[in-house]
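Chemist: Chains as they are written, first to last, in our numbering: chain A, 766 to 910; chain B, 561 to 872.
Simulated from the structure, these hints should not be mistaken for laboratory data. Quick reminder that beta carbons are idealized off the backbone N, C-alpha and C, glycines included. Among the hints, a few may not be true.
Claimed, not checked - Within a straight-line C-alpha distance of at most 30 Å, the following computed DSSO-like cross-link-like pairs (lysine-lysine) qualify:
hint: 1; chain 1: B; residue 1: K622; chain 2: B; residue 2: K571
hint: 2; chain 1: B; residue 1: K846; chain 2: A; residue 2: K852
hint: 3; chain 1: A; residue 1: K901; chain 2: B; residue 2: K571
hint: 4; chain 1: A; residue 1: K901; chain 2: B; residue 2: K622
hint: 5; chain 1: B; residue 1: K775; chain 2: A; residue 2: K852
To be verified - For each label pair, taking beta carbons as the anchor points, the in silico distance ranges come out as:
hint: 6; chain 1: B; residue 1: D625; chain 2: A; residue 2: G874; range: 27 to 33 Å
hint: 7; chain 1: B; residue 1: T597; chain 2: A; residue 2: G837; range: 30 to 36 Å
hint: 8; chain 1: B; residue 1: S646; chain 2: A; residue 2: A897; range: 14 to 20 Å
hint: 9; chain 1: B; residue 1: P822; chain 2: A; residue 2: T772; range: 42 to 48 Å
hint: 10; chain 1: A; residue 1: A897; chain 2: B; residue 2: T672; range: 34 to 40 Å
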Amino acid sequence: MTWISNTITVFGGLLLAHACYSAQEHAALQSFRAAATSTLTSSTPVASSLPVDIAIETIAATLVIVLGLVLGTRPLRPIQWRVWAGKIEREGEEGFLGNNGEVEKDYMGNPFTYLESRPSFVDIRRQRKEFAEWIKNGGGGTGKK
Amino acid sequence: MAPSLLFNPAKLPPSEALQLAQQAPVVLQGSSSPSETVDQWATYENLLLACLRTGDDEAAAKCMDQLEARFGPDNERVMALRGLLSEAQAENNGELEAVLKQYDAILEGNSTNLPITKRRIALLRSMGRVSDAATALVQLLDFSPTDAEAWSELSDLYFTQGMYSQAIYALEEALLLSPNAWNIHARLGEVQYMAATTSGSGGGSQQKYLAEALKRFARSIELCDDYLRGYYGLKLVTTRLLKEQAKQAKQTDDGEFTLPDPKTIERLDELATAKLSEIVRHSTLKDRGWRGYDEREVAAARELLSQNGIER
Numbered sequence: 766m767t768w769i770s771n772t773i774t775v776f777g778g779l780l781l782a783h784a785c786y787s788a789q790e791h792a793a794l795q796s797f798r799a800a801a802t803s804t805l806t807s808s809t810p811v812a813s814s815l816p817v818d819i820a821i822e823t824i825a826a827t828l829v830i831v832l833g834l835v836l837g838t839r840p841l842r843p844i845q846w847r848v849w850a851g852k853i854e855r856e857g858e859e860g861f862l863g864n865n866g867e868v869e870k871d872y873m874g875n876p877f878t879y880l881e882s883r884p885s886f887v888d889i890r891r892q893r894k895e896f897a898e899w900i901k902n903g904g905g906g907t908g909k910k
Numbered sequence: 561m562a563p564s565l566l567f568n569p570a571k572l573p574p575s576e577a578l579q580l581a582q583q584a585p586v587v588l589q590g591s592s593s594p595s596e597t598v599d600q601w602a603t604y605e606n607l608l609l610a611c612l613r614t615g616d617d618e619a620a621a622k623c624m625d626q627l628e629a630r631f632g633p634d635n636e637r638v639m640a641l642r643g644l645l646s647e648a649q650a651e652n653n654g655e656l657e658a659v660l661k662q663y664d665a666i667l668e669g670n671s672t673n674l675p676i677t678k679r680r681i682a683l684l685r686s687m688g689r690v691s692d693a694a695t696a697l698v699q700l701l702d703f704s705p706t707d708a709e710a711w712s713e714l715s716d717l718y719f720t721q722g723m724y725s726q727a728i729y730a731l732e733e734a735l736l737l738s739p740n741a742w743n744i745h746a747r748l749g750e751v752q753y754m755a756a757t758t759s760g761s762g763g764g765s766q767q768k769y770l771a772e773a774l775k776r777f778a779r780s781i782e783l784c785d786d787y788l789r790g791y792y793g794l795k796l797v798t799t800r801l802l803k804e805q806a807k808q809a810k811q812t813d814d815g816e817f818t819l820p821d822p823k824t825i826e827r828l829d830e831l832a833t834a835k836l837s838e839i840v841r842h843s844t845l846k847d848r849g850w851r852g853y854d855e856r857e858v859a860a861a862r863e864l865l866s867q868n869g870i871e872r
């Protein structure tokens, strides 16, 4: 899907560049004409507003660029508690990948797991014993990794 | 995906804890650079815990030295980690007693040292002196009643002793402090359900526990969409309530507690079944966006569903 948004953005950029170029050309032409006419009759000031089509092209180009950028954003983060919590449970880390494909820095899973793991009260001796048992029983197949 | 060193490794399965501990040489080598990063000390602390768990005392001691060099031996958190280290390396009861005496000595000097107080309670519990641990924990909660973690520990302590009503009370206190914790709501529901299954007195208290558990599980689902644990509990409770209602037709209007009417319970039951089978189906197929569930939990849900399929 990203190629669609990229194409639209690039297209908008081209339009905008074209509008700028047209405006610049128009201004150059106007000043040239002013210079030419002032030598002939010095009394007629030339109204030098941009033609409507250039203005329209500029606005349209801006809108197209905005559309392309909006289409290209990642899905927004949920702002409802239950949706956000559900996303953590359902998708785990995969739901919180940043643009570079890595888990976002501020992702921490369920922020309340500490109430069940209780790190300040950890029983390190039991953990060690359990780990030794696990090693003894073959390490679940991944012990040699 | 490899586990991150930024989080406490207590809940990880042994294989992942081992993976963490094996990162020790790399992390310790990188430590010589003078600039500090934001996550550096959290990494060290968690690495220390992982190394202790996997029995890599050498790397643990190195982590400890780094932490002590940075924060000084008088830092309360460093003191607790130091205590943890000596607890882990103690080989017999005598040495454990010595560690305990050390804790007592520290607390003599500064009785508001929370990390050490907590270590002392954990050590007492680990040594099997559960009633001492409970007394100390209640004292701790007396002077620091806003500590949700301590309330939760107290609840677990009572729970292992089979004192369900006290465990439920402590969990409710923890919930008061963190009312959005969906896992604690589910935990409270589980404890209440277990209390209901063991209270043999029948009738009154059992029904009350079941009604409360139903509410807790419903709340945990309200706080978290597609919460497997919540739906599992809901399914258990509704199944049981429906069975009991079939057995004893009308005994529910005591007035003291309100059980929802049978139709609501039936609909809740259907909802839980539908949701559970949806979750099980998606996670078995490893669908995109459904891979966050614990495999063991999914297996348990599958078993529950198949059991119910047979009973019907």
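Chemist: With reference to the structure, classify each hint as holding or not holding.
Modeler: Structure-based check of all given hints:
1. B:K622 to B:K571: Distance ~23 Å between B:K622 and B:K571 Cα, so the pair holds.
2. B:K846 to A:K852: holds (15 Å)
3. A:K901 to B:K571: holds (20 Å)
4. A:K901 to B:K622: OK: A:K901 and B:K622 at ~26 Å, within 30 Å.
5. B:K775 to A:K852: holds (23 Å)
6. B:D625 to A:G874: 27 to 33 Å: This hint holds: roughly 30 Å between Cβ atoms.
7. B:T597 to A:G837: 30 to 36 Å: holds (31 Å)
8. B:S646 to A:A897: 14 to 20 Å: Holds: the Cβ-Cβ distance is about 19 Å, inside 14 to 20 Å.
9. B:P822 to A:T772: 42 to 48 Å: violated (59 Å)
10. A:A897 to B:T672: 34 to 40 Å: Since the Cβ atoms of A:A897 and B:T672 sit about 36 Å apart, the hinted range of 34 to 40 Å holds.
The structure fails to meet hint 9 from the earlier list, while all remaining hints are met.
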